[in-house]
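Visitor: The chain contents come next:
2 protein chains.
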Amino acid sequence: MSNINLILKAREHGKNFIYETPILFNKKFNEIVGKNIFIKPECLQVTGSFKFRGAWCAISHLKKENKISNGVVAYSSGNHAQAVASASQTHGISSVIVMPKDAPKQKISNTLGYNAEVVFYDRYNEIREQIGENIAIEKNLTLIKPYDEHLVIAGQGTCGLEIIEQSKKLGLEKAEVLVCCGGGGLSAGISLALEKYAPYYKLRTCEPEFYDDTARSLKSGKREINETTYPSICDAILTPTPGEITFPILKRNAREGLVASETEVLQAMKLLYEHFKIVSEPGGAVAAAAAIFSKNKLKEKDIIVVVSGGNVDSEVFSKAISEN
Amino acid sequence: MSNINLILKAREHGKNFIYETPILFNKKFNEIVGKNIFIKPECLQVTGSFKFRGAWCAISHLKKENKISNGVVAYSSGNHAQAVASASQTHGISSVIVMPKDAPKQKISNTLGYNAEVVFYDRYNEIREQIGENIAIEKNLTLIKPYDEHLVIAGQGTCGLEIIEQSKKLGLEKAEVLVCCGGGGLSAGISLALEKYAPYYKLRTCEPEFYDDTARSLKSGKREINETTYPSICDAILTPTPGEITFPILKRNAREGLVASETEVLQAMKLLYEHFKIVSEPGGAVAAAAAIFSKNKLKEKDIIVVVSGGNVDSEVFSKAISEN
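These protein sequences, in sequence, are chains A and B.
So for the first sequence, our numbering puts the first residue at 1; every next one is plus one.
So for the second sequence, our numbering puts the first residue at 325; every next one is plus one.
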């Protein structure tokens, strides 16, 4: 079950392996936005995204309990891929990763660099869950799901524990915590930590335009599905519907969801580059974009923004920082 | 006098204002380099470089002692400029900054953004020290020198205190600490902290090709002068000779200096982007370049690399991450 005890255990497992990422803030950036913005740069996390937290937690937990006999398998657009591959490598476990063939080049090459076997699929005509489950059965591998998995959610929750400790040190009493949201693993994990230790901090999910399934689901109260196949640069967080496990947690803990357009995301990447000297990928900058461009929807003056990843091809990053 | 007590006092003054930047490391990057590399990303520091440490320390110290009657003046290629402007603004003090007219656009616009008055000069035909001193007398302003100033060196030394605490937590017993070096303020400050608390950590200055005055001075034992006017992308650390105050400290504490070429610096910026998701400027990536490309000159297996700044125009950064 996803709960605070599992998160505390995840933190124990992650000690010395998962980074405690800092919280960054910048007077000038606050003037531009008109809010006090506190950036949690998970792009600095091992493998360049928060995903390492969940992957590490799941694999170290399962290994300890002897539940991995013959390696692991995962499906992912690229960040969970790198995280599972790297965590497996450190644990001396082999990994097979199912990735879309149009995933960013950097994500593919990094995943291969962690000695994973990569199986490509066509994201418009094939179902990755099916491919992953088939491989798990065929090769007797343990499947590490990207978000709808208690151990993975617990790992992402360690980011929430850090947010609470760090922002309380900074004197924040009330705050909104803006989190980039695909399947909802990071949002759900963080929200569980807030629910327990910082009930006055409120979580807001942030999604790319046309992929606002969580925002619509939070509004309707049931899991809505994106019908679009509209392409998006936010490859990291394009999921069809909120998770079965993650959604009830978010329904209990999250305020109204926020949405950002591609132009807003590119502008946010540029501002994060200019003011914080961090590299964010489009899907990782959605919460920052929402903080900047939907600030009239924010209810608090102190806003914590999770920049969830930074694995971006140089052409896309150069475009973001040069234009606008 | 530059000594450890002044550094400890600087830390007190900087509390809640100067960031404790993290230490980042990455298994894959270590495989590429063939050493254990620990990155201290001072590009994440307030105003995008370590310079904020020294500027904050000097201004808060002088203000406390009522030694600033009518504002401050500084000369700088851009990082000390932003740091002095920002620290002054927070202290409610006005600032005049003397900058080369060909400084990076981002550095100029940021300095103006902190409400500084900027005075431009021609770096090939005018002497900035003279302009700064004249303005100080004319307008009755307190001059904050960029490196040859005890309070500034003490502020930069706070970076050394963090390096020692953080790397000891990581279990490092012996290490070489590679620091980008212009006038030597950061190197001297860090070396004073190492001398006191970590005598087995050895400092190495890192300079751009053709601007290796410190390396040559360490070899000859006296302050050598660069005769070149060869242009360099490493604008942040182009100084004619080591400081009068900084050099004796470095002579006592530093091992043989390292040098990196422009091509190596650009490649280092790309690797820092890919593996650590941080934005470095050319002058800020010189130590990383030396760690990667002069590794046969390194004597230890654990190498701490200070990435000293990240204020870089987007055209230069795009070039660095796209090419090579």
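Derived from the structure by calculation, the hints contain no laboratory data.
Be aware that one or more of the hints could be misleading.
Said to hold, decoys possible - DSS-like, lysine-lysine: derived pairs with alpha carbons at most 30 Å apart: (1) K27(A) with K429(B); (2) K387(B) with K169(A); (3) K15(A) with K388(B); (4) K623(B) with K168(A); (5) K319(A) with K643(B); (6) K105(A) with K351(B); (7) K492(B) with K9(A).
To be verified - Listing some non-contacts, in silico: residues in chain A with all C-beta distances to chain B over 10 Å: (8) V118; (9) S280; (10) E315.
Given the structure is predicted, the values throughout are model-derived calculations rather than measurements.
We treat Cβ as the ideally placed atom computed from N, Cα and C, and that holds for glycine.
Visitor: List in ascending order the numbers of the hints, as given earlier, that are violated by the structure.
Guide: Of the numbered hints given earlier, those the structure breaks are 3, 4, 9 and 10, listed in rising order.
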